[in-house]
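Enquirer: Read left to right, the sequence shown gives residues -22 to -1, 1 to 239 (mature numbering (1 follows the signal peptide of the UniProt record, and there is no 0)).
Every clue listed holds true.
Derived EDC-like pairs (lysine to aspartate or glutamate); straight-line CA-CA distance at most 16 Å:
1) Lys209 / Asp94
2) Lys112 / Glu237
3) Lys229 / Glu185
4) Lys88 / Glu202
5) Lys10 / Glu205
6) Lys238 / Asp94
7) Lys219 / Asp94
8) Lys53 / Asp7
9) Lys145 / Glu133
Per label pair, the in silico range of CB-to-CB distance:
10) Asp22 / Pro106: 30 to 36 Å
11) Thr70 / Asp94: 20 to 26 Å
12) Thr69 / Gly113: 40 to 46 Å
13) Gly160 / Val29: 33 to 39 Å
14) Arg146 / Asp108: 23 to 29 Å
15) Thr28 / Asp225: 18 to 24 Å
16) Lys177 / Ala12: 34 to 40 Å
17) Pro139 / Asn211: 38 to 44 Å
If you are wondering where the hints come from, they were derived from the structure by calculation, not from laboratory data. Ideal placement from N, C-alpha and C gives every residue a C-beta, glycine not left out.
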Amino acid sequence: MKNFLKITIAAMAMMAAPLAGASAAGTLDAIKEAGVIKIAIPQDFPPFGTVGTDMQPQGYDIDMAKLIASDLGVKLEMVPVTTNNRIPYLTTGKVDLVISTLGKNPDREKVIDFTDPYAPFFNGVFGPADIAIKGPADLSGHTLGVTRATIEDMELAKIAPDDVDIKRYEDNNATISAFLSGQVELVATGNVTAAAIIKRNPPRKPEPKFLIKNSPCYVGLNKEEPELKAKVNEIIAASLKDGRLNDISVKWLGNPLPEKF
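When you get a sec, could you build the whole thing from the sequences and use the hints?
Expert: Rendered as structure tokens:
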């Protein structure tokens, strides 16, 4: 009987060993040992992630994924995901990291962990360089376009001076057209929309004036991976310091990172 128990326990231990290895598959050591990191990336949300004319992924998030893999000294395997499946891909071990315009909120924090922010995602007031605007009070006497019922519209109602001429439009395209045609001097919108305006190479380039609401993007990773989190945060900090992250922002968003990023 004792021999039978010993054999049974030994067999269970052998069966458990592969499972233990699988549970550690997302750790920093496992990534380095494999020589490859699997990163979830968007493919339908330009300028953060899309498919180029060469049928290859391109965008802010793709460049960030490449930067992290390069600094880790491993190969990059990009895994296209959707908004709905990006977190399940992480929690089920299909990817090691999620770099897909991922914002932080209390519900998500119950399921996964987040690094420091790597990309600006914000609503703000934008306008040409020759208009000096540093805060809400400076909007006085100016005309400003905004899309009706958006976050920036609701926030502006709280902070804008009484004498600012706010023109509300029914959709983003109408708001963009109003700015490009000179119907309004300034525009309140998201930085992604501002980047879309810049891509049209307008004579009046919309530069960021001040933030209305900030909701940056974070790298998502599984909980209980302190070494991986620390290493990715180290890479983000280094790329902020040496200007590589700012270069990515200029390349894809048309503007440098915000001063307080």
